Every structure is written in C-alpha cells, then in structure tokens.
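From first to last, the protein sequence lines stand for chains A and B.
Last residue of the first sequence: 261 in my numbering, with the numbers rising by one and none dropped.
Last residue of the second sequence: 509 in my numbering, with the numbers rising by one and none dropped.
Just so you know, the hints here were simulated from the structure itself, not pulled from any lab data.
Treat the numbers as computed from the prediction; the structure is a model and nothing was measured.
Ideal Cβ positions, reconstructed from N, Cα and C, are used throughout, including at glycine.
Watch out, some of these pointers could steer you wrong.
As the list claims (entries may be wrong) - To spell it out: a stretch of chain A is covered by chain B in this simulated footprint if at least three of its residues, at any positions, have a beta carbon under 8 Å from a beta carbon of chain B; those stretches are:
#1 125-135
#2 154-164
#3 210-224
Said to hold, decoys possible - Calculated Cβ distances over 12 Å to all of chain B for the following chain A residues:
#4 L65
#5 V69
#6 T98
#7 D112
#8 G168
#9 L230
#10 Y233
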Amino acid sequence: MPEFLTRALVEILLLAVAGGLLGTWIVLRRLAFFTHAAGSATFPGLVVAGPWGVPAQVAALGSGLLYAVGLERLVRRRGVEPDTATGLLLVAALAGGTILASDAYPAGVGVDRLLFGTLLGLQDSDLAVSAGVAVLAVAATAALGRTWLATGFEPGSASALGVRAGAGDLLLLAGLALAVVAALPAVGALLVGTMLVVPAATARLVARSVPALQATAVGLAAAEGAGGLLLAYELDLPPGPAIALLGGIVFCVVALAVRRR
Amino acid sequence: MSGVVVQRLSAGYEPGRPVLTDVDFEAPRGGTVGVLGPNGGGKTTLFRVLLGELRPERGRVILGGSVASVPQGDHARLDFPVSALDVALMGAYGRTPWWRRIARADRDAARAALDRVGLLEHAGDRYGELSGGQRRRVLIARALVQDAQVLLLDEPFAGVDRASEERILRVLDELTGEGRTLLISTHDVEQARRFDRVLCLNRRQIAYGEPGDVLTAGCLQRTYGAELLVVGGEQVVAAPHHDCGEHA
Numbered sequence: 001m002p003e004f005l006t007r008a009l010v011e012i013l014l015l016a017v018a019g020g021l022l023g024t025w026i027v028l029r030r031l032a033f034f035t036h037a038a039g040s041a042t043f044p045g046l047v048v049a050g051p052w053g054v055p056a057q058v059a060a061l062g063s064g065l066l067y068a069v070g071l072e073r074l075v076r077r078r079g080v081e082p083d084t085a086t087g088l089l090l091v092a093a094l095a096g097g098t099i100l101a102s103d104a105y106p107a108g109v110g111v112d113r114l115l116f117g118t119l120l121g122l123q124d125s126d127l128a129v130s131a132g133v134a135v136l137a138v139a140a141t142a143a144l145g146r147t148w149l150a151t152g153f154e155p156g157s158a159s160a161l162g163v164r165a166g167a168g169d170l171l172l173l174a175g176l177a178l179a180v181v182a183a184l185p186a187v188g189a190l191l192v193g194t195m196l197v198v199p200a201a202t203a204r205l206v207a208r209s210v211p212a213l214q215a216t217a218v219g220l221a222a223a224e225g226a227g228g229l230l231l232a233y234e235l236d237l238p239p240g241p242a243i244a245l246l247g248g249i250v251f252c253v254v255a256l257a258v259r260r261r
Numbered sequence: 262m263s264g265v266v267v268q269r270l271s272a273g274y275e276p277g278r279p280v281l282t283d284v285d286f287e288a289p290r291g292g293t294v295g296v297l298g299p300n301g302g303g304k305t306t307l308f309r310v311l312l313g314e315l316r317p318e319r320g321r322v323i324l325g326g327s328v329a330s331v332p333q334g335d336h337a338r339l340d341f342p343v344s345a346l347d348v349a350l351m352g353a354y355g356r357t358p359w360w361r362r363i364a365r366a367d368r369d370a371a372r373a374a375l376d377r378v379g380l381l382e383h384a385g386d387r388y389g390e391l392s393g394g395q396r397r398r399v400l401i402a403r404a405l406v407q408d409a410q411v412l413l414l415d416e417p418f419a420g421v422d423r424a425s426e427e428r429i430l431r432v433l434d435e436l437t438g439e440g441r442t443l444l445i446s447t448h449d450v451e452q453a454r455r456f457d458r459v460l461c462l463n464r465r466q467i468a469y470g471e472p473g474d475v476l477t478a479g480c481l482q483r484t485y486g487a488e489l490l491v492v493g494g495e496q497v498v499a500a501p502h503h504d505c506g507e508h509a
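Just chain A, with the same shape it has in the complex:
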C-alpha cells in the first residue's frame, strides 16, 4: 500500500474515534446543523491562513470562534432563532471565504481542497492533531459522558441532580470545535459532517443505549471511512465526497431495513 494511502487510513481511523464518540452527542443533542455550520465557518480562516502565514488549524479555530461569538450575539442579544442565526452565519462564512479566496488565491487554486479535503495529501501535523483530538474525545467521554447524558435527557433537572450542565455544555462545544478542526484536512470545511454526523445518525437508528450508540458510531465511521477511501483510490474519486456518499448510502440502507422490521 502506498505510504500516502496508509497515512490517509490512519487519519480516518483516528477521526473515527472522535467522530463516533462526539458524533453521538451531536446527534442526541440535535447539534448536526450547528456542527455543519461550524465546519463551514472555518472556511474564511482556512483561506487566509496561507497568505497570512498562520497555521491552518489556528486560523480555522479563530474563524470558528468568530462564528460562535456571532451566534451568541444573534441568539441571545438580538433574539434571532438559533437555526436562523446558524443559517445566516453559514451563508456569511461561505460567501466571505469565497470572496477572500478570489484575492488570496488568484487562480482559485485550493478552494475545492479547503471545502472538500485532501485526504491523500496529509501532513504529519494533521495526523498529530487528529491523534490528540481522538485521545481528548475518549477522555471527555469518560469524564463528561454522565453530565452530557443527564443534561441532554432533561436539561431542567440537571442541576437538581448535582450535574454542572453549563460547564458540561461549554466543554462539549469546545470538543466539537476541536473535532471539526481535526476533520478539516481529511474531509474539508463543507463535509465535516461525514465523520461527525453521518455515522452517529446511522447508529442512532439501531442502538438501544448510549454506549451501544457510541461503539456503533465509531465502528461505522471507521468502516465507512476506510471503505470510501479505498473506493476513491481504486476509482480515482475525491476521497472526502466518496466517504460522505458511502455514509449516506449506508444510512439509507439501515433506515430502510429498520422500517421493514
């Protein structure tokens, strides 16, 4: 197996850990659209990272932070519905990133890579970030899983149970931000849901408990990631979209099978 392919496979398996574990909470807490928008929100940061000489991960985090602040302002201070505010910021981030790209990359080179990933051209630093985020996701699941479960199940009763819901939610969003940043090189700003949403959404169709959901989501993310990657290599397809498509097909098949049962 060529080295770049091995590297891509390792990256996908690392992302599957964070994607499956955190994806469980994204799906259970109805944060899929938020996560998709958070991925898109990193796009302007990724565009300016090269020309400004800033590491891509740092620029993406900065851009994502602006999105979070904008969302908070629109929802809390202006009373805009959260979904509407998320949609507004998503459009603004994509439009802003595209306009910046027209200057920053004179020939538009690389924009498609920023949006859809470069799984076959990964750096050591990309693998290091994904490994770090995978470890953090495992640690956070062990330490905060109960808090996230109680808060998600019945937010109004969390504090009466002695659970620190506010701190837990903040750490969940921080974890999501890091997972989004880790997924960017592999699947790009527009397809972070490929690893963070699709496998967990599929697992949600069949899992009867949270641990089962997490285990199934991690397994599916790894299988869909590896399968999509090899398929893309064999058929000369872009790997990120190939994994996304495979994940979508698996979701449809499972949904149909569950409906028939």
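Start from chain A and add chain B according to the hints.
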C-alpha cells in the same frame, strides 16, 4: 424537628421584581405539604429556591437535609436511548466524582429503588416507551437513589393511571415513615386534603396550616381567583395544565 423552614421569603428572576413574596412556613420532618396555587402563582419559584437554583431576594430557607426534585417529566427527551435503570442511576451522578465509574452500591440502590416503585421488571425497558405513570415512578426512583431527605414533587398524580397512583401513594407513605419531608404541588383540592399541611400560594403566601383550616371557600377563592369553579356547592379547581416552562 423541622424538615423545611422558610422565613419571610421573596424571590424572582429580575432584581427588585419578586414573583413570590412573604412566604413563611415550617414543614414538620416526615410530613407532607400540599402546595396549591394557580399557574404563575409561585410554586415552581418556591421549588427552585428550595433546590438552590434560585437565590432568595429576601428571607431564608433552612433544610433538614439534601433535596431532590421529582418533575413531571414533560421536558424529558423520550427519544433518548436510556432505560428506566439508566434514569434511576442519574440519582447517583451528583455524588460520583467525574473520574469514577458509578459504584456497584449505587447500581444496587437504583435496582432497589425501581423495585420499590414496582418497576424492577421494567429496568431494562426504554424510558420513553413506558407509560406516563411508569415514567413518573422512575423519576421517584431516581429521587430515592439521590437519598434526599426533602422531596419536591411536581403534580405527581397528574395524568397517571390508577395503578401508578396507588403505587406512588404507597411509596410516599413509606418515605414519610422514614422521616423524609415531602412538598407536593397539586391542583387537586381533594388530593390536598390528604396531606398533613397545605400551603396556598398566589404570588404570595395566602395560607398555611392543616387542610381543615386552610381549604376553606374564602382561602381557595383568594388562591385561585377566577380559576376557581364552584360545582354543586363544592369547590372544583379548574386550572389549565401546569406548564414547567413558566417561571413562576
């Protein structure tokens, strides 16, 4: 000895704008107190102060032990992949450090609590697939796992089937027998007659005392105002379904 002492309490959600004032009562340890009042009358506000979620603007609260709440459960996510046992185990979350697993003793306590509310055989059933009455019993089991000395129950009999109501009444009797103090919010005046004390609230304390002294026509009129219907010479409270989303 007292289970709950509330002295000259005022509380609200914005400084200087209390939604509940002049609440002053003492609930005996091991007693049941029915909390009556219209929607927006301050029942939820009082419970939130007792739970420590809301700071009193004035006055103070003295509790004879830890407090647990048994909500109506209307705001729980029924689609969550959690079993009755998982929900009962949530009662142990507060005392389990974040780096520890749930203790075996707590798992045993959760099973015992489910057994006590008659749901041990449903321990593995998905919470959202249980009946309304069974779900209420699971939430009582969760409070039992918390091992609180003071329980705040929000409309525990609203919308529950007969079997659940009887089981809940039996468990509540056992709890008071163990010296636990119960504050039970209700719209049902007849139900309130069974309790040791009744507290009537309508943005302030209207009355507190034994049911025979408190549940008079005049007092109920002041508590419920326009929501009070009189049918055949007997008072019947026709209040809309309690909304946990309301602040007061």
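Legend entry - Hints violated by the structure (listed by number, smallest first): 1 and 8
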